[in-house]
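Going down the list, the protein sequences come from chains C and Y.
Numbering (UniProt numbering) for the first sequence: 1 to 479.
Numbering (UniProt numbering) for the second sequence: 1 to 479.
Just so you know, these hints were derived from the structure itself, not from any lab.
Hints may contain errors.
Which copy is meant is left open, because identical chains are indistinguishable; a pair holds if it fits in one copy or across any two.
Stated by the list, open to error - Below are the EDC-like pairs computed for lysine to aspartate or glutamate, each with C-alpha atoms no more than 20 angstroms apart in a straight line:
(1) K470 - D460
(2) K304 - D228
(3) K342 - E381
(4) K21 - E210
(5) K184 - D63
(6) K68 - E218
(7) K18 - E214
(8) K342 - E207
(9) K470 - D228
(10) K18 - E207
(11) K18 - E218
(12) K351 - D228
2 protein chains.
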Amino acid sequence: MGLLTDLYQLRMMQGYYKTGKADDITVFERFYRINPYGSAYTIVAGVDHALDYLENLSFTADDIAYLKTLGGFQEDFLRYLQSFRFTGDVYAMPEGSVAFPGEPLFIVKARRIEAQLVETALSTFLNHESLIATKASRVRWAAKDDPVLEFGLRRAQGMDAGVFGARAAIIGGCDATSNVLAGKMFGAKVVGTMAHSWVMSFASEFEAFERFIELYPENAILVVDTFDTLTSGVPNAIKAFQLAKSRGIKLLRYGIRLDSGDLAYLSGEARRMLDSEGFTNAIISASNDLDEHLVQELKTQGAKITEWGVGTKLITGDGCAALGGVYKLAAEYDKAGNEIPKLKISENPEKVTNPGTKAVYRIYDKATGKIKVELITLRQESLSEIETLTVADETHPWKKMTLRAGSYEKREMLSLVMQGGRRLIPVANLAAIQAYTARELKTLWDESRRLVNPHPVKVDLSNVLCSLKKELINGMHGK
Amino acid sequence: MGLLTDLYQLRMMQGYYKTGKADDITVFERFYRINPYGSAYTIVAGVDHALDYLENLSFTADDIAYLKTLGGFQEDFLRYLQSFRFTGDVYAMPEGSVAFPGEPLFIVKARRIEAQLVETALSTFLNHESLIATKASRVRWAAKDDPVLEFGLRRAQGMDAGVFGARAAIIGGCDATSNVLAGKMFGAKVVGTMAHSWVMSFASEFEAFERFIELYPENAILVVDTFDTLTSGVPNAIKAFQLAKSRGIKLLRYGIRLDSGDLAYLSGEARRMLDSEGFTNAIISASNDLDEHLVQELKTQGAKITEWGVGTKLITGDGCAALGGVYKLAAEYDKAGNEIPKLKISENPEKVTNPGTKAVYRIYDKATGKIKVELITLRQESLSEIETLTVADETHPWKKMTLRAGSYEKREMLSLVMQGGRRLIPVANLAAIQAYTARELKTLWDESRRLVNPHPVKVDLSNVLCSLKKELINGMHGK
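Could you put the whole structure together from the sequences, leaning on the hints where they help?
Right, here's the structure in full:
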């Protein structure tokens, strides 16, 4: 995994090595500037993957031989890489947390040479998995209490996009995935129906259905649009269910899948046809370029769909194919162990970073458990200032008021999850993360979960951090 | 890799196994219906990856133990999977070919049980890699003869998206990638400059530049927007180049990288400043959310950028995050070895598939070497009908005319690349594929390469294929 990086990281590493800067302790923080999809939040995912990467990071002899062929790398530096391990500390939000723009989510405190290398891969994992988890949470919101199934592997951007994407989709609220490898790797629940090719492999649609039910009476969802949904598929499905019943086959989970045509109309007609034959508990599953917006609109139209298969648009984060999370130097330590806060300025004011090692406090309304405000502070700050913070009103989050003592609870979001290169937390259990994410999403006001133009969650800097930032900016202008 | 599939494939496989259909020989073909990004073509990529997958496909004891835990799989079928190998044939277009909607690109002729399993992973690889290669070819077109560098790993949808995406980007016309692992795996040329964190690691921007040039005189591209591009970055870069010159350091590849602000304005000013100090051959590299449209517009505006770093929008296929390639049953063989053509109808007429095992003929204009028309035929057809085909005029591809004997050349696009599960072609050389793709792109009229609203390339069905299709549709309506 050592080579899963940009070449410039290795060139800079050698530069630090050669200029005596390799062992300086630095603090880099990951954050993102904009929520994806016009959402008011982002779900943090990929933390477990990132820690695995850090714990196992090394260079093989092959890797080093390859670097030698590139030229520009010197023997002493390549020898150093032979025994390279990541030995730093990591503070992170728990995987599955909701988070907001500008908040540090994942802080790496490590030797400069180590912290530099890991930027690229950490960004890849955390950007990708957070993007898909957030998309899934939006589909989950649109589908209300209906099951949502992740079907996207064949359209994913490569194997990892499919496998880690399926995991992220489960975190965001999908009930199961079609992806068997994701099932094996992460314990995700896997599901599957049948494809058109099954139907086309038999002499008739009816025979294809009959055989399938015989094989899988416990889970027989029949795809009904191979020929024509309402004149062929649904009638043949009903006939096959009736035949099974007459033979005493006990159907457990059974029903149909719609995969083309107008899903609102077809599901309504299919429901009527199934109900009139007594199959009132037959599942009507739908798939075909679904996303959160189409699911919501179909439900608003009264579509009789009971289960949603979401593929391409979920697994690729349709509408926002990349989360632009960044990894910025926030501080370094001098030889005496004093922290020197660092800041990156920019012509674009929103791109100026926040200096120093930080903490993120989440302030909840005590009565409702909803998030009132987020506060980014320096890590060593005392928090008395929260008492006088100007934040949103309990019932009207868009109105401002001063926080009343006793009306809120606070929680520190970042905790030490890796120390000296060793994980402090066990490999996460996927179902537990999913349950945590569901609880996290409930801490958002409904106004902030809306799919379109949601109310933003306020993120404030503490007065101390704000002053430090201004001071550093002023100092730079003098430079 | 056996589990890199959708659960329904394994359930259908068991179904074929139990109903005596497993060993029927079937023909599945991969094609796509719509070019991505509003393009008039798609570059076929991922063929090598797909063949590797097929050649190495198997189930480990662990995989089988996992499937057992799912329930629904029976002992005899799981035993069969223990020795599963792909033993079929593959016909494919050469990797790097340009191709058009509806054309079979990759045909699998195999036992039904094998052909069914491989649908998902083949789709993942071929959809993803074709998507990125096509995007890269558009950036290549916009950048004209300037170097284009792929920088997207940190924003890719997972590791494979970054690594195989970098390979696809090279196929489509990128000159190099920042992705070191892609360099090692595929022999792609790798490049790298420096990040803001390098500059921030020194007491001053100038010192950071000076040290970097000392370390890397052969390749010193300095990022100049850490503080302020025109008042700090470029002047410090010039000072550092001058110092190096005065010390007799020979700069080979040197220059600056712009990563924020208005790239047209800043590159013009930077060019003027560099030129006035004699650094007329200094590279001006730019990166910051570039895609084909912005590259084209910046060039049209006369931006003085000499090298383009393209990241997020290339590696994620921005604008079309998934190529909707599909894999459809086109034929099966009866016990006597006769081919039975198969067709999938649909409520959407454009989704009706073409039956039978097919060939794709490309008809070139002899004088210019440009593509006149594509012809999809049944594999066993004689091609006399090409002589009387109605196709585009040589000089005005949007006008129709009858093809004149002797005025064209034809080429069959699909060839047998795997037989009985064994590759017939060696692992592809990336540089060779890239060169082939560049030649392929030259066979398109400029009208069909335009980024917006390009002229579509005509794809025709042979009369024989067309008749067969109508006949099968009519037969189904009687069903």
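Outcome of the hint check:
1. K470 - D460: Within one copy only: 15 angstroms inside a chain, 66 angstroms across chains, cut-off 20 angstroms.
2. K304 - D228: The answer is within: 18 angstroms in one copy meets 20 angstroms, while 58 angstroms across copies does not.
3. K342 - E381: Answer is within: at 17 angstroms inside a copy they meet the 20 angstroms cutoff, but 71 angstroms across does not.
4. K21 - E210: Answer is between; shortest inter-copy Cα gap is 15 angstroms, intra-copy 71 angstroms.
5. K184 - D63: So K184 and D63 pass the 20 angstroms test across copies only (8 angstroms; inside, 29 angstroms).
6. K68 - E218: Between copies only: 16 angstroms across chains, 58 angstroms inside a chain, cut-off 20 angstroms.
7. K18 - E214: between (70 angstroms within a copy, 11 angstroms between copies)
8. K342 - E207: Between copies only: 17 angstroms across, 70 angstroms inside.
9. K470 - D228: between (67 angstroms within a copy, 17 angstroms between copies)
10. K18 - E207: between (73 angstroms within a copy, 14 angstroms between copies)
11. K18 - E218: Answer is between: at 17 angstroms across copies they meet the 20 angstroms cutoff, but 65 angstroms inside does not.
12. K351 - D228: between (54 angstroms within a copy, 13 angstroms between copies)
Violated hints for the displayed structure: none, as all numbered hints are satisfied.
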